[in-house]
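Protein sequence lines, in the order shown, are assigned to chains A and B.
Add 72 to a position in the first sequence, counting from 1, and you land on the number used in the working numbering.
Add 56 to a position in the second sequence, counting from 1, and you land on the number used in the working numbering.
Looking from chain B toward chain A, a few residues come up when the C-beta cut is under 7 angstroms (computed):
#1 Lys443
#2 Ser444
#3 Ser455
#4 Arg474
#5 Pro608
Derived coverage of chain A by chain B (criterion: at least 3 residues anywhere in the stretch with Cβ under 8 angstroms from a Cβ of chain B; other residues may be distant):
#6 81-92
#7 164-174
#8 194-203
Keep in mind that the hints were calculated from the coordinates and are not lab data.
Where a beta carbon is used, it is the ideal one built from N, C-alpha and C, also for glycine.
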Amino acid sequence: MKGEILNILLVEDNEDHAELVQRSLEENQVANRIYWVQDGEEALDYLYQRGTYADKTKSPCPHLILLDLRLPKIDGLEVLKTIKTDEKLKSIPVVVLTSSESEQDIGKVYAFHANSYLVKPLDFEKFTKLMRDLGFYWLGWNVNPLQ
Amino acid sequence: MTWLISNFWARLNLVPRLSLVVALGILLVVIGAVYQSSQHITRDTQNELSAEYNRQMETLESVVLATLFMEEKTHHHFDLKHLTGLLSAFKYSADVTQISFRDTTDVAAFSQEIPIQLEAPLFFSRWCGLENIYLNRPIIVEGVYYGLLSLSMSPNRIINQAWGYYLYLVRLMFLSLVIVLFSIWFVLRKALQPLLSLAEVSKILTQGDLSVRVKIAGSPELQTVLLNFNQMAASFQTTLAALQASEAINRTILESLSQKIFLKDRNSVFLAVNKAYAEAHGLRAEEFVGKDDFAFYPAELARQYRADDREVMESGEVKDLEEADIALGKGCMTRTIKVPIRNEAGEVTALLGSFEDITARKRAEQQLAQKNAELERFTYTISHDLKSPIITIKGFLGSLVADARAGNMERLETDIKRIAGAADKMQALLTDVLELSRIGRMVQPSLKFSMTAAAQDASEVLAGTIRAKGVKVTIEPEMPAVFADPHRIREVMQNLIENAVKYMGSQAEPQVAVGCRFLADGRQAYFVKDNGLGIDMKFRDKIFGLFEKLDPHSEGTGIGLALAKRIIELHHGTIWVESAGLEQGSTFYFTLPQQPA
Numbered sequence: 073m074k075g076e077i078l079n080i081l082l083v084e085d086n087e088d089h090a091e092l093v094q095r096s097l098e099e100n101q102v103a104n105r106i107y108w109v110q111d112g113e114e115a116l117d118y119l120y121q122r123g124t125y126a127d128k129t130k131s132p133c134p135h136l137i138l139l140d141l142r143l144p145k146i147d148g149l150e151v152l153k154t155i156k157t158d159e160k161l162k163s164i165p166v167v168v169l170t171s172s173e174s175e176q177d178i179g180k181v182y183a184f185h186a187n188s189y190l191v192k193p194l195d196f197e198k199f200t201k202l203m204r205d206l207g208f209y210w211l212g213w214n215v216n217p218l219q
Numbered sequence: 057m058t059w060l061i062s063n064f065w066a067r068l069n070l071v072p073r074l075s076l077v078v079a080l081g082i083l084l085v086v087i088g089a090v091y092q093s094s095q096h097i098t099r100d101t102q103n104e105l106s107a108e109y110n111r112q113m114e115t116l117e118s119v120v121l122a123t124l125f126m127e128e129k130t131h132h133h134f135d136l137k138h139l140t141g142l143l144s145a146f147k148y149s150a151d152v153t154q155i156s157f158r159d160t161t162d163v164a165a166f167s168q169e170i171p172i173q174l175e176a177p178l179f180f181s182r183w184c185g186l187e188n189i190y191l192n193r194p195i196i197v198e199g200v201y202y203g204l205l206s207l208s209m210s211p212n213r214i215i216n217q218a219w220g221y222y223l224y225l226v227r228l229m230f231l232s233l234v235i236v237l238f239s240i241w242f243v244l245r246k247a248l249q250p251l252l253s254l255a256e257v258s259k260i261l262t263q264g265d266l267s268v269r270v271k272i273a274g275s276p277e278l279q280t281v282l283l284n285f286n287q288m289a290a291s292f293q294t295t296l297a298a299l300q301a302s303e304a305i306n307r308t309i310l311e312s313l314s315q316k317i318f319l320k321d322r323n324s325v326f327l328a329v330n331k332a333y334a335e336a337h338g339l340r341a342e343e344f345v346g347k348d349d350f351a352f353y354p355a356e357l358a359r360q361y362r363a364d365d366r367e368v369m370e371s372g373e374v375k376d377l378e379e380a381d382i383a384l385g386k387g388c389m390t391r392t393i394k395v396p397i398r399n400e401a402g403e404v405t406a407l408l409g410s411f412e413d414i415t416a417r418k419r420a421e422q423q424l425a426q427k428n429a430e431l432e433r434f435t436y437t438i439s440h441d442l443k444s445p446i447i448t449i450k451g452f453l454g455s456l457v458a459d460a461r462a463g464n465m466e467r468l469e470t471d472i473k474r475i476a477g478a479a480d481k482m483q484a485l486l487t488d489v490l491e492l493s494r495i496g497r498m499v500q501p502s503l504k505f506s507m508t509a510a511a512q513d514a515s516e517v518l519a520g521t522i523r524a525k526g527v528k529v530t531i532e533p534e535m536p537a538v539f540a541d542p543h544r545i546r547e548v549m550q551n552l553i554e555n556a557v558k559y560m561g562s563q564a565e566p567q568v569a570v571g572c573r574f575l576a577d578g579r580q581a582y583f584v585k586d587n588g589l590g591i592d593m594k595f596r597d598k599i600f601g602l603f604e605k606l607d608p609h610s611e612g613t614g615i616g617l618a619l620a621k622r623i624i625e626l627h628h629g630t631i632w633v634e635s636a637g638l639e640q641g642s643t644f645y646f647t648l649p650q651q652p653a
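All chains should be built: construct the whole structure from the sequences, respecting the hints.
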């Protein structure tokens, strides 16, 4: 822990799931700030600071991206591909968080250089544990390339 | 004459030829033997005749002398009367023809002729070579000459006898010759008959009638040969029958196969083709025999076929090709299999080819692949989207429990609402999935119906929503009729109108128009046009995906357009959207077959 606030970009179309993620992270007292977008297009707008996300102070560059795969407009894989082929964005760790357990998805996701693939647990306790571990690992232990 | 003999000889069969040769041989031997023996007989007879003559002369001399001495004791003289009496009464040899006695005065004291007629022909007598014998004997007693005794003998009697004997011999010879000839003919015939019949039967066999058999006859060895021959013929017949049966089966198989089959020789000339092959070309099978591909296909194609043939025959390997067939038509596929045929020495002597129009199969394969991909997408979507509400329900239940234990009741109500909402979502999803699968299963028979009426029905169902949003719906009267499942098309209309109303945005004068127009390519397309939110064209395909929603906050599961697409595609039509962009309104088009399928 470096005592600084870490920014997470949560890309999740399901409002309930977004709430669950936020609640779990809060309960584990992982110091962070969550920026939530609901579809792929919005996610890219945020990362490229377009439109409503032009203000860098209100929408800072995330230290971690939590990405759902099935998204309206532009789907998760497309977003992942864009991030990982962009020189500026590709160093941001992307953790795919999805309900899909399809081998095809897992294969594709890693082929596009995602940093991790996590399946949303059905059980609330597991969900909170996963989020806690996720927070500790990526925001605590993991050395972030960004300053 | 020579010609006659050779002609006659040529006409003879084996048995008469042999018989004739043997008979001629016997005849020559007999003639030789007769000649040889006749020489001896002639010589002997002549000798006997001379001896007989001498004996006769001795006797006569004594008789004559007796007459001399008996009559005159002192003076010898002949008692003529007595001499004549004695000579006339004398019993002469059978061959004596003349006797005379002359005394010294040369007056014939006695003369008698006993002629012997020659009964045999003159040539025979000459051939016998016997002659008359004349002999004179002077009668001299004690140095005194008394007269001359003459005797003449003829061989005629003997010749006559010999002639008779000869005739008998000749008859006997001819008789035996006839008997011999007949016996030879009989024996040869008996012996050779089976061989002749074998010749006859083998001739019939070679002409193709394998049911004939040789009659078993003749010597034991011959019988064995004939028996073996018959067994061979029987075995041929059985084998041929089996071959014919197998040939018939093969032919039936070839003829009944839908594959087009041909047989070519080493030079790619057709040896045979089956019915399917000939019919595919609108020809009879015989018309192919002896011709090559150039007679039936464009030169370019024929060259290609020939090159393939050569490759198969030179490599000796089977070639299995799936290729576009320009002869059948555009987009057609054929599968061609070319197999080399080898003789016993392993040399490739011919080529067996079959081809098959696999256009339908290829299309079905493509369709199946499409269906499979669709099914995969479908299951993926379903499993993912059905899992989402479960995560919500279980997640918030867990959160509720934790809050309850902690006595934290702040979020109770909202959490319960979330849970209930997720359960409702799940129910809605399940209903929609069921609906979607039902569309896939049930395709009602196509009926001709009015699209105008279908649109009116749909807008009536939606009347409440339309009124609430103050949307003005105009439907083109007398749109062209279609052949489709009316119930399903009404559903499409309803979904499209509902969508148009739902995504109207903040339009002051919301309008929806339903109509029909001709496209640039001549097709007729029905449309539902609105002046609402419009659609970013980069999502033109995504919006038709199952449970896809551009706006997560909008009502519904996102099945409407997926459902519409599915119905239209089941009717072999197409559906698409056009929009000038956001706030520019959007138009959904779909086409349907104008003719019954």
